[in-house]
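Chains as they are written, first to last, in UniProt numbering: chain R, 1 to 280; chain D, 1 to 280; chain Y, 1 to 280; chain V, 1 to 280.
Source of the hints: derived by calculation from the structure; they are not laboratory data. One or more of the hints may lead you astray.
Put simply, identical chains are the same to the list, so a pair is met inside one copy or across any two.
Said to hold, decoys possible - Think about it this way: if two alpha-carbon atoms lie no more than 25 Å apart in a straight line, the pair counts; the simulated SDA-like pairs of lysine to any residue are:
#1 Lys85 x Ile12
#2 Lys26 x Phe154
#3 Lys85 x Glu15
#4 Lys26 x Ile100
#5 Lys85 x Ser158
#6 Lys26 x Ile153
#7 Lys26 x Ile36
Quick caveat: nothing in here was measured; it's all calculated off a predicted structure.
Protein chains: 4
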Amino acid sequence: MTARTLTPRQKIFYEIIFGTETPAGKWFDICLIAIILTSVLIVMLDSIWDLHAEWGWLFWQIEWGFTVLFTLEYLVRIWCSPNRKAYVLSIYGVVDLCAILPTYIALFFPQAASLLIVRLLRILRIFRVLRLIAFLNEANMLAGALRRSARKIFVFFSMMIIITMIFGCLLYVVEGPESGFTNIPISIYWAIVTITTVGYGDVVPVTALGRAISATGMLIGYAIIAVPTGIITAELASGLRGNHLTTRNCSQCSRAGHDLDARYCKYCGSDLPALHQEGD
Amino acid sequence: MTARTLTPRQKIFYEIIFGTETPAGKWFDICLIAIILTSVLIVMLDSIWDLHAEWGWLFWQIEWGFTVLFTLEYLVRIWCSPNRKAYVLSIYGVVDLCAILPTYIALFFPQAASLLIVRLLRILRIFRVLRLIAFLNEANMLAGALRRSARKIFVFFSMMIIITMIFGCLLYVVEGPESGFTNIPISIYWAIVTITTVGYGDVVPVTALGRAISATGMLIGYAIIAVPTGIITAELASGLRGNHLTTRNCSQCSRAGHDLDARYCKYCGSDLPALHQEGD
Amino acid sequence: MTARTLTPRQKIFYEIIFGTETPAGKWFDICLIAIILTSVLIVMLDSIWDLHAEWGWLFWQIEWGFTVLFTLEYLVRIWCSPNRKAYVLSIYGVVDLCAILPTYIALFFPQAASLLIVRLLRILRIFRVLRLIAFLNEANMLAGALRRSARKIFVFFSMMIIITMIFGCLLYVVEGPESGFTNIPISIYWAIVTITTVGYGDVVPVTALGRAISATGMLIGYAIIAVPTGIITAELASGLRGNHLTTRNCSQCSRAGHDLDARYCKYCGSDLPALHQEGD
Amino acid sequence: MTARTLTPRQKIFYEIIFGTETPAGKWFDICLIAIILTSVLIVMLDSIWDLHAEWGWLFWQIEWGFTVLFTLEYLVRIWCSPNRKAYVLSIYGVVDLCAILPTYIALFFPQAASLLIVRLLRILRIFRVLRLIAFLNEANMLAGALRRSARKIFVFFSMMIIITMIFGCLLYVVEGPESGFTNIPISIYWAIVTITTVGYGDVVPVTALGRAISATGMLIGYAIIAVPTGIITAELASGLRGNHLTTRNCSQCSRAGHDLDARYCKYCGSDLPALHQEGD
Chain R
1 MTARTLTPRQ KIFYEIIFGT ETPAGKWFDI CLIAIILTSV LIVMLDSIWD
51 LHAEWGWLFW QIEWGFTVLF TLEYLVRIWC SPNRKAYVLS IYGVVDLCAI
101 LPTYIALFFP QAASLLIVRL LRILRIFRVL RLIAFLNEAN MLAGALRRSA
151 RKIFVFFSMM IIITMIFGCL LYVVEGPESG FTNIPISIYW AIVTITTVGY
201 GDVVPVTALG RAISATGMLI GYAIIAVPTG IITAELASGL RGNHLTTRNC
251 SQCSRAGHDL DARYCKYCGS DLPALHQEGD
Chain D
1 MTARTLTPRQ KIFYEIIFGT ETPAGKWFDI CLIAIILTSV LIVMLDSIWD
51 LHAEWGWLFW QIEWGFTVLF TLEYLVRIWC SPNRKAYVLS IYGVVDLCAI
101 LPTYIALFFP QAASLLIVRL LRILRIFRVL RLIAFLNEAN MLAGALRRSA
151 RKIFVFFSMM IIITMIFGCL LYVVEGPESG FTNIPISIYW AIVTITTVGY
201 GDVVPVTALG RAISATGMLI GYAIIAVPTG IITAELASGL RGNHLTTRNC
251 SQCSRAGHDL DARYCKYCGS DLPALHQEGD
Chain Y
1 MTARTLTPRQ KIFYEIIFGT ETPAGKWFDI CLIAIILTSV LIVMLDSIWD
51 LHAEWGWLFW QIEWGFTVLF TLEYLVRIWC SPNRKAYVLS IYGVVDLCAI
101 LPTYIALFFP QAASLLIVRL LRILRIFRVL RLIAFLNEAN MLAGALRRSA
151 RKIFVFFSMM IIITMIFGCL LYVVEGPESG FTNIPISIYW AIVTITTVGY
201 GDVVPVTALG RAISATGMLI GYAIIAVPTG IITAELASGL RGNHLTTRNC
251 SQCSRAGHDL DARYCKYCGS DLPALHQEGD
Chain V
1 MTARTLTPRQ KIFYEIIFGT ETPAGKWFDI CLIAIILTSV LIVMLDSIWD
51 LHAEWGWLFW QIEWGFTVLF TLEYLVRIWC SPNRKAYVLS IYGVVDLCAI
101 LPTYIALFFP QAASLLIVRL LRILRIFRVL RLIAFLNEAN MLAGALRRSA
151 RKIFVFFSMM IIITMIFGCL LYVVEGPESG FTNIPISIYW AIVTITTVGY
201 GDVVPVTALG RAISATGMLI GYAIIAVPTG IITAELASGL RGNHLTTRNC
251 SQCSRAGHDL DARYCKYCGS DLPALHQEGD
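All chains, please: the whole structure from these sequences, using the hints.
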């Protein structure tokens with residue numbers, strides 16, 4: 001049996017921390033969102049040199065306050081969870097752990113030793129923002145449309161990577177190192193910047209042939225921007241349409257295509273079977 | 001009772017100023033649009049240094065002329081409105097007030113004191129252009145599609161902000177201050193510029209790892225550009241399809257929304273009136 | 001009566017020049033496309049300084065050859081047209097005239113006098129490429145979808161221009177002349193470059209507040225890129241769907257929604273009325 | 001007769017190399033993808049100067065190893081193919097040949113003679129990545145949607161090229177050589193960079209008129225980005241909707257394509273088999 005029996009106190013905490021129906025549970029969630037956003041803001045402010053020089057010590061103290069708070073919350077979540085292992089191994093459990101670990105790890109690595117690693121560890125705390133995803137219920141619908149079109153999007157990306165490789169190599173051959181196309185990876189970086197229509201302008205073709213080839217590449221990129229859009233739109237539209245129709249058949253004339261709110265067959269006027277259990 | 005009884009003179013003014021059916025009302029609207037556009041043009045021309053040096057005094061006079069005109073119009077609107085409080089507090093009432101206030105406020109703050117504030121006040125007059133929105137009836141349809149997909153778009157933007165924060169922090173750690181990624185807010189600005197495919201090129205990755213990460217970010221941005229498009233298209237298409245429903249009402253229960261091929265009311269099962277001659 | 005009676009010789013010319021069914025008419029069209037593209041290519045090559053210095057005289061001769069050819073064709077078109085006035089005033093007639101006029105006008109304005117005007121006149125010959133539009137039959141379908149959504153697109157553009165004006169003015173106030181935002185028209189140019197995600201990088205915000213505002217503007221631009229796409233897609237999809245359905249009603253059960261190729265009612269199995277006169 | 005009779009040994013090889021059903025065939029395909037990606041990676045690494053200086057000799061050896069391997073595979077494919085000519089002339093046969101030829105050709109052209117040509121030949125090996133397309137089954141669906149909308153996309157591109165030519169020429173006349181618009185081809189390159197919203201910023205208008213014209217061009221580009229998207233989406237959605245048609249065949253005339261709610265064959269009027277249990 002996977003779920004433990006909770007003591008009454010654990011039940012109360014469970015309803016507050018994991019639940020979203022009770023007023024206490026709602027307030028807990030709202031406070032949590034506010035605290036997460038504040039802690040992310042502190043990390044961002046701390047990265048600005050002027051503010052770090054003046055308020056660095058204060059930021060450090062607030063940072064530790066948030067870390068202790070999130071650690072307590074993490075422990076309480078484990079304590080009052082009906083299925084501890086499931087929570088710890090769930091995406092939210094891992095994200096909760098990742099939100100507190102970097103501050104502790106930074107303790108044991110002296111700052112002087114390797115600055116970059118420490119900087120990386122301290123920035124990782126910003127991933128706390130990922131915890132907000134749990135509050136986005138509607139994301140599931142979008143994720144569903146993306147999941148259904150996953151294979152098509154994979155094919156699309158494979159083709160796009162092949163196209164960027166070909167254009168990158170062509171420009172590497174045509175332009176050469178003196179125009180900034182010093183090697184193939186950089187040329188492919190240029191091709192991605194171009195095909196996605198970002199167009200930084202840090203690597204740019206200068207020869208007539210290179211410009212002609214890249215103009216062709218842009219037009220192709222412009223055309224294929226339509227493909228992922230088309231795929232997702234078609235999936236979303238199909239999902240939207242599907243939600244309005246049931247698969248109920250009329251018991252008299254056995255025709256389908258009745259709306260969700262239909263009570264009588266629109267073709268023969270007889271009663272329609274009632275709707276039960278329409279999941280999703 | 002909220003609506004006052006208007007005197008005959010107020011009624012005439014009301015029909016001209018608020019109405020759009022009578023010829024006088026139409027002409028008033030057309031003149032108003034022309035005047036608004038002219039006053040916006042004057043603000044724009046006044047901001048060009050050469051023109052301001054030569055024609056600044058003239059612009060100042062024209063500006064005051066428009067302000068007096070708009071003030072008179074605002075007062076007449078209040079005077080002839082059947083429900084004064086409702087008009088003053090409506091969006092259009094507030095916009096009308098905002099279109100005249102800046103010129104008056106600029107009077108009391110001497111120009112020498114704080115140039116930026118004055119400049120701001122004078123530029124705010126350009127918000128007069130917002131008054132044109134009132135004339136765009138069809139905007140409601142688009143606004144409807146946007147409102148219906150508001151929750152989905154909110155989720156989408158939340159996810160996009162999380163993505164830009166993660167990519168911004170990654171690039172901040174990988175590139176560091178020497179490449180222009182001096183702090184996290186700037187790195188997030190770079191991430192937004194990149195994911196939205198604007199691509200100024202003022203902050204650009206220079207290391208191989210930074211370029212690889214940002215290329216990944218671009219491809220993700222390219223893919224998710226499809227999501228808002230898909231959402232809105234699906235909503236618009238669904239709205240358009242709604243137009244294929246007939247407006248036939250059931251003679252028994254008088255509910256509408258029946259499909260073109262429906263012969264019986266889907267709500268009460270009684271006969272529907274036959275369809276004749278439904279052109280498009 | 002608008003149409004004249006043509007002599008037999010005029011009829012032959014008319015079928016060759018205006019017609020597309022006969023082999024001669026098809027060959028005439030193919031030759032014309034080839035000549036137009038060649039003449040456009042010559043104008044383009046002539047603009048490259050190195051080629052102009054060496055081959056300028058040759059280009060000038062070829063240019064005059066094409067002009068004489070197009071002039072002859074224009075005169076023959078008028079001569080053999082059943083309704084001369086209608087042709088001359090039609091879009092194609094005007095375009096045909098515009099394709100030959102610049103070379104003649106350039107004769108009477110000495111090159112030394114005003115180089116820019118002459119250059120403009122000579123470049124105008126490139127508008128010959130517009131003549132190709134006549135050969136794109138399928139363009140009508142696209143144009144139809146655009147025309148049906150014209151009002152919505154107009155509303156969309158009005159709102160976008162209002163948004164670019166507001167963002168342009170905000171950045172003008174926040175950034176000021178020292179960042180390149182020297183006046184409001186330039187700031188609006190920047191706002192258009194940003195909202196359309198072109199992002200040249202020639203005018204770029206440098207202050208923290210300016211970057212925050214422009215990041216907001218980019219996200220808004222990213223969202224509203226969906227709106228015109230959605231409008232046109234919905235129209236095209238609706239057009240595509242419409243083409244597959246007829247409005248024929250079954251004479252027995254009077255239900256509609258039959259496919260174009262249906263011969264029997266799919267609901268009751270009786271004969272469907274034949275399709276006549278389905279234009280488009 | 002086009003297909004030869006295969007010996008038992010040829011049959012086994014055929015099933016492994018061309019087949020995808022047997023475990024051996026699947027493993028062969030997976031190994032092949034891994035080897036192709038590795039060989040492409042080697043070409044990319046070899047282009048980086050630092051790595052080439054240090055590991056160039058190793059890369060050369062690995063390169064020859066892959067070339068021999070692919071040559072053997074190519075010969076075996078010809079040997080065990082039931083229809084040799086069809087394979088050699090098929091797209092995959094040509095791509096397989098192109099993947100090995102460059103290394104051999106590079107042997108006969110001494111490196112010192114013409115570096116660029118040799119570099120081109122060596123880079124051509126990266127086209128091996130094209131061989132992956134054969135493994136993308138789902139690409140056919142996307143290709144189908146593209147093929148069905150090919151005419152519309154062609155019309156769209158013709159119109160876009162006409163628009164870019166007109167804007168390019170306008171900017172060439174307005175801006176002139178001193179702003180970087182040195183000739184018409186470069187101006188058209190700028191117009192393509194702008195209309196596709198890539199926006200490098202290497203060629204940029206600087207005059208007020210030039211900026212006004214290019215802002216107009218951007219807005220037009222922004223609007224017409226919707227057109228290819230709309231075309232492809234409409235096609236894809238129409239393909240997806242096609243899935244809602246049943247695969248029931250009429251028992252009389254055995255034609256398919258009947259709607260879900262059809263009870264009688266729309267081609268011959270006879271009864272259709274009833275629908276049972278059509279999940280989704």
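### Task
Against the earlier hints, flag every one the structure doesn't satisfy and list their numbers going up.
Number 5 only.
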